[in-house]
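Here the protein sequences come in this chain order: A and B.
Note that my numbering has the first sequence beginning at 1, numbered continuously upward.
Note that my numbering has the second sequence beginning at 1, numbered continuously upward.
No wet-lab data here; the hints were simulated from the structure.
Some clues are possibly wrong.
For chains that are exact copies, the list does not tell them apart, and a pair is met inside one copy or across any two.
[What the hints assert, rightly or not] Dumping the calculated SDA-like pairs for lysine to any residue here, alpha-carbon to alpha-carbon at most 25 Å:
{"hint": "1", "residue 1": "413", "residue 2": "444"}
{"hint": "2", "residue 1": "237", "residue 2": "428"}
{"hint": "3", "residue 1": "451", "residue 2": "429"}
{"hint": "4", "residue 1": "28", "residue 2": "317"}
{"hint": "5", "residue 1": "28", "residue 2": "314"}
{"hint": "6", "residue 1": "2", "residue 2": "366"}
{"hint": "7", "residue 1": "273", "residue 2": "251"}
On a predicted model such as this, the values are computed, not experimentally measured, just so you know.
2 protein chains.
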Amino acid sequence: MKNWLLQRVDLTPNRLAVRFNAQELTFKELNQRVQKLVRKLGAPLAAEQRVAIITPNNLDGYLLILAVQQLGKTIVFLNRRLSQRELAYQLQDAAIRVLIQDDDYELRFTGISQLTFSAIKALPEQACHAVATFDLDDVATIMYTSGTTGNPKGVMQTFGNHFYSAIGSALNLGMLPGDVWIAAVPLFHISGFSIMTKSLIYGMGVSLYDHFDVDAINTELQNGQASTISVVPVMLKNMLAALPANTTYHPNFRTVLLGGGPTDMPTLERASKLGVAIVQSYGMTETASQVVALAGEDAARKLGSVGKPLFPVEIRVKTAADAKTGRVQVKSPTLTVGYLNNEAKYQAAFDDGWFDTGDMGWFDEEGYLYIQGREGDMISSGGENVFPDEIESAYAALPEIETIAVAGVPDEKWGAVPVAYIKFVPGQSLTQATLRAFGRQELAHFKVPAKFVTVTDFPRTASGKLQRHLLAEQSFEIIP
Amino acid sequence: MKNWLLQRVDLTPNRLAVRFNAQELTFKELNQRVQKLVRKLGAPLAAEQRVAIITPNNLDGYLLILAVQQLGKTIVFLNRRLSQRELAYQLQDAAIRVLIQDDDYELRFTGISQLTFSAIKALPEQACHAVATFDLDDVATIMYTSGTTGNPKGVMQTFGNHFYSAIGSALNLGMLPGDVWIAAVPLFHISGFSIMTKSLIYGMGVSLYDHFDVDAINTELQNGQASTISVVPVMLKNMLAALPANTTYHPNFRTVLLGGGPTDMPTLERASKLGVAIVQSYGMTETASQVVALAGEDAARKLGSVGKPLFPVEIRVKTAADAKTGRVQVKSPTLTVGYLNNEAKYQAAFDDGWFDTGDMGWFDEEGYLYIQGREGDMISSGGENVFPDEIESAYAALPEIETIAVAGVPDEKWGAVPVAYIKFVPGQSLTQATLRAFGRQELAHFKVPAKFVTVTDFPRTASGKLQRHLLAEQSFEIIP
Numbered sequence: 001m002k003n004w005l006l007q008r009v010d011l012t013p014n015r016l017a018v019r020f021n022a023q024e025l026t027f028k029e030l031n032q033r034v035q036k037l038v039r040k041l042g043a044p045l046a047a048e049q050r051v052a053i054i055t056p057n058n059l060d061g062y063l064l065i066l067a068v069q070q071l072g073k074t075i076v077f078l079n080r081r082l083s084q085r086e087l088a089y090q091l092q093d094a095a096i097r098v099l100i101q102d103d104d105y106e107l108r109f110t111g112i113s114q115l116t117f118s119a120i121k122a123l124p125e126q127a128c129h130a131v132a133t134f135d136l137d138d139v140a141t142i143m144y145t146s147g148t149t150g151n152p153k154g155v156m157q158t159f160g161n162h163f164y165s166a167i168g169s170a171l172n173l174g175m176l177p178g179d180v181w182i183a184a185v186p187l188f189h190i191s192g193f194s195i196m197t198k199s200l201i202y203g204m205g206v207s208l209y210d211h212f213d214v215d216a217i218n219t220e221l222q223n224g225q226a227s228t229i230s231v232v233p234v235m236l237k238n239m240l241a242a243l244p245a246n247t248t249y250h251p252n253f254r255t256v257l258l259g260g261g262p263t264d265m266p267t268l269e270r271a272s273k274l275g276v277a278i279v280q281s282y283g284m285t286e287t288a289s290q291v292v293a294l295a296g297e298d299a300a301r302k303l304g305s306v307g308k309p310l311f312p313v314e315i316r317v318k319t320a321a322d323a324k325t326g327r328v329q330v331k332s333p334t335l336t337v338g339y340l341n342n343e344a345k346y347q348a349a350f351d352d353g354w355f356d357t358g359d360m361g362w363f364d365e366e367g368y369l370y371i372q373g374r375e376g377d378m379i380s381s382g383g384e385n386v387f388p389d390e391i392e393s394a395y396a397a398l399p400e401i402e403t404i405a406v407a408g409v410p411d412e413k414w415g416a417v418p419v420a421y422i423k424f425v426p427g428q429s430l431t432q433a434t435l436r437a438f439g440r441q442e443l444a445h446f447k448v449p450a451k452f453v454t455v456t457d458f459p460r461t462a463s464g465k466l467q468r469h470l471l472a473e474q475s476f477e478i479i480p
Numbered sequence: 001m002k003n004w005l006l007q008r009v010d011l012t013p014n015r016l017a018v019r020f021n022a023q024e025l026t027f028k029e030l031n032q033r034v035q036k037l038v039r040k041l042g043a044p045l046a047a048e049q050r051v052a053i054i055t056p057n058n059l060d061g062y063l064l065i066l067a068v069q070q071l072g073k074t075i076v077f078l079n080r081r082l083s084q085r086e087l088a089y090q091l092q093d094a095a096i097r098v099l100i101q102d103d104d105y106e107l108r109f110t111g112i113s114q115l116t117f118s119a120i121k122a123l124p125e126q127a128c129h130a131v132a133t134f135d136l137d138d139v140a141t142i143m144y145t146s147g148t149t150g151n152p153k154g155v156m157q158t159f160g161n162h163f164y165s166a167i168g169s170a171l172n173l174g175m176l177p178g179d180v181w182i183a184a185v186p187l188f189h190i191s192g193f194s195i196m197t198k199s200l201i202y203g204m205g206v207s208l209y210d211h212f213d214v215d216a217i218n219t220e221l222q223n224g225q226a227s228t229i230s231v232v233p234v235m236l237k238n239m240l241a242a243l244p245a246n247t248t249y250h251p252n253f254r255t256v257l258l259g260g261g262p263t264d265m266p267t268l269e270r271a272s273k274l275g276v277a278i279v280q281s282y283g284m285t286e287t288a289s290q291v292v293a294l295a296g297e298d299a300a301r302k303l304g305s306v307g308k309p310l311f312p313v314e315i316r317v318k319t320a321a322d323a324k325t326g327r328v329q330v331k332s333p334t335l336t337v338g339y340l341n342n343e344a345k346y347q348a349a350f351d352d353g354w355f356d357t358g359d360m361g362w363f364d365e366e367g368y369l370y371i372q373g374r375e376g377d378m379i380s381s382g383g384e385n386v387f388p389d390e391i392e393s394a395y396a397a398l399p400e401i402e403t404i405a406v407a408g409v410p411d412e413k414w415g416a417v418p419v420a421y422i423k424f425v426p427g428q429s430l431t432q433a434t435l436r437a438f439g440r441q442e443l444a445h446f447k448v449p450a451k452f453v454t455v456t457d458f459p460r461t462a463s464g465k466l467q468r469h470l471l472a473e474q475s476f477e478i479i480p
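Kindly generate the complete structure, drawing on both the sequences and the hints.
Here it is in structure tokens:
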């Protein structure tokens with residue numbers, strides 16, 4: 001295919017491409033700035049096959065990501081919040097020699113040429129052209145994902161993976177010329193980068209945020225300046241909570257794409273009253289973003305489900321014997337072509353041609369998928385399999401609870417028992433007895449947490465996903 | 001990819017799939033009826049690689065087209081209006097042994113098993129399963145196209161061609177869940193069949209018409225029951241003319257996809273006042289429908305242009321020396337993989353990797369494509385190249401003219417001269433002198449038709465495209 005940015009500029013030069021703080025760029029303006037960077041970076045990156053980038057969500061980073069892509073280099077996205085040791089591993093694994101980083105980034109890596117944004121701007125422009133085409137089979141990006149054990153894996157995503165991801169999403173959510181998608185999730189993560197890709201393929205504007213500025217976002221959505229936003233559940237809750245009373249969103253705002261776990265009925269109902277469709281979704285770095293999504297019209301009827309596959313995707317649940325729950329496995333043109341330097345681990349993830357996600361789930365009789373959680377998160381308690389997600393979803397309906405996370409802790413009698421880590425809404429609380437009584441009413445007895453504790457913060461990945469295995473390391477106090 | 005119909009039924013079983021006369025079928029109902037036909041047709045088609053179909057636009061034909069596709073057979077679409085001689089050639093060329101046809105079709109072909117719809121319905125059901133997957137590289141359909149000379153060519157279109165066509169269109173026009181597309185163009189032509197394909201891929205309803213029932217169509221569009229319609233210019237003119245005074249269309253009606261030639265400014269202005277976006281488009285059987293389209297927002301500003309390429313498509317105009325006009329050539333994932341039994345003709349159409357459309361055109365300074373006409377339609381008059389399209393577009397602005405077609409006729413002095421064939425709006429007319437004066441005002445003198453004649457009808461292909469080379473064979477009288 002023709003270079004997506006160049007094609008987009010030819011097709012719709014005057015449409016909004018990106019908005020950041022007070023600044024707006026059309027595709028034509030965006031491309032002018034990107035090609036200027038291409039001419040600056042051509043020489044220093046000439047010998048590189050892969051280039052690493054560390055950037056917060058800002059306009060400079062946005063332009064540089066595109067510039068590296070224009071030069072035909074594979075972009076290795078690094079997470080700014082990782083430790084020196086973690087990043088040193090990834091830099092070495094990807095054989096990186098040049099790291100592009102924002103000026104405020106302080107860590108230094110031996111043997112790596114670290115180019116700051118300022119240094120790049122100061123480079124002279126030299127004749128250098130963008131690549132003419134994007135080959136769908138070429139590796140466009142590498143993103144590292146951590147399992148609970150072992151080294152992180154460099155997930156190689158091709159242009160084809162990103163293309164089909166954008167198409168699958170459009171076929172499900174719909175799209176209209178003039179759409180704008182709010183990107184307040186990290187660009188270095190597939191949730192954010194997939195919005196950049198959609199922008200080029202759809203001709204869609206991106207409204208970029210460097211943090212989840214809930215008031216600015218609500219204002220934009222009330223003014224009709226955006227059609228779609230990607231969020232994790234806590235962001236959505238905060239948006240709805242911060243919306244001024246007796247006001248509503250603009251009808252241009254069609255869709256909340258919700259990842260990172262299920263939301264609760266009160267939030268769904270609130271959103272429904274506001275006319276906003278919440279599309280629950282399920283995906284991972286290995287599948288270049290969402291592969292399963294629940295339409296807004298089904299949100300209430302199928303509470304807790306992540307929905308149905310996107311059009312180009314197939315999902316199966318591989319169960320043992322008569323079990324209802326089994327391993328969630330996927331076939332998709334968005335599926336990664338491999339883990340960098342770890343073909344064995346990639347091959348090991350396949351089961352008869354299906355890629356095993358590592359998640360456990362089940363289909364209802366209408367073919368809607370429910371994710372019960374990572375196999376690794378499962379709590380084996382007295383012979384019963386308990387999934388934290390299910391317990392969290394039940395408790396999320398309590399208005400006093402801002403966030404809840406459940407993890408297993410070792411127990412002499414049962415092997416393991418679930419423990420609930422709770423952050424209350426400011427000024428609110430519930431007693432241990434009330435929480436237990438609620439659980440007894442909503443859940444099987446072995447799923448009711450053995451203990452309820454309060455925490456002030458939750459360990460999350462850069463993309464906002466809960467890291468349950470780190471919960472026990474948090475400081476907490478037992479709820480009276 | 002998973003079989004598109006089966007995937008669609010799994011994803012959105014309860015959405016409208018097709019509406020014909022008073023009948024509506026959801027995807028679930030559609031599939032039940034299609035799979036019933038699969039079980040009836042499995043045995044009689046077991047040994048066939050390709051199956052031919054002759055059908056008007058009706059529900060039985062719609063279901064049978066899908067059933068043959070479900071069985072993994074290549075569908076050879078035949079045009080019901082062709083002569084026995086023409087069809088016999090195509091049946092033989094495609095090595096057809098079984099022809100599925102509507103009950104009213106009367107021609108008989110030797111050596112061909114002709115299965116009528118009634119005969120198929122009377123067949124017993126036998127265990128037979130639809131194919132599990134559609135391979136994007138497999139030939140899904142063959143459609144014959146006629147050049148002005150030689151035998152018709154069987155254009156082989158793969159599932160990938162159709163998929164990318166649907167995607168390219170969606171990325172340009174946008175799409176929303178709940179869209180309905182009116183198919184009043186023939187299903188056996190790419191303009192109609194591409195709507196069937198979009199239905200499966202988008203999860204979109206099709207409102208099927210067996211003829212261009214302008215009042216029923218206007219009613220549907222006024223009631224908000226459809227979002228899109230495919231038309232040729234004369235259909236659009238008729239729609240707007242028949243719209244009751246002081247009424248308008250429903251806002252659900254977003255797009256007129258216009259093929260088969262340019263429209264005129266008064267029609268554009270009328271549509272614009274009604275809030276309907278007219279998307280002029282350009283494509284051919286060889287590119288599995290539109291590859292270039294003009295957004296509604298540009299329709300007036302770029303009158304006469306067919307627009308810009310769809311996102312997956314590249315277009316170039318290959319000019320000689322300093323010429324502005326040249327040969328229109330295309331690269332596209334929708335491009336046919338070949339002409340059946342005529343690899344030489346297919347290869348001959350390529351110019352350095354680009355497929356030559358046989359059309360002449362030019363780009364303006366903003367990259368909008370203008371088609372001047374088929375190279376074969378070009379009139380070489382006194383050393384000047386004259387394109388009928390341009391003359392027709394100019395005269396189409398006159399409200400007294402319902403339809404105009406221009407073709408070259410031999411002339412002793414100039415080699416050839418343009419002659420205009422005109423059908424006036426009922427009750428209206430213009431004199432030869434007025435028509436000539438208008439031309440002098442709008443066109444270079446050598447483009448002004450040497451003669452204006454009236455005709456009652458125009459020779460058109462089944463898809464409504466004008467057949468200029470047959471114009472001289474029409475009975476006509478010279479306008480006084």
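How the hints compare with the structure:
For the identical chains of this complex, residue 413 and residue 444 are intra-copy neighbours only, at 18 Å inside a copy versus 97 Å across copies, given an alpha-carbon limit of 25 Å. Taking the closest pair of Cα atoms, residue 237 and residue 428 come within 25 Å of each other only inside a single copy of the chain (16 Å); across copies the shortest separation is 66 Å, beyond that limit. Taking the shortest Cα distances, residue 451 and residue 429 sit within 25 Å of each other inside one copy (15 Å), while across copies they are farther apart (91 Å). In this homomeric assembly, residue 28 and residue 317 come within 25 Å of each other (Cα to Cα) only across copies, at 23 Å, whereas the closest approach inside a single copy is 46 Å.
Taking the shortest Cα distances, residue 28 and residue 314 sit within 25 Å of each other only across copies (19 Å), while inside one copy they are farther apart (38 Å). When the C-alpha separation of residue 2 and residue 366 is checked against a cutoff of 25 Å, the pair qualifies only between copies, where the shortest distance is 18 Å, while the shortest distance within a copy is 40 Å. In the homo-oligomer, the alpha carbons of residue 273 and residue 251 lie at most 25 Å apart both inside one protomer (12 Å) and across protomers (23 Å), since each shortest distance falls under that limit.
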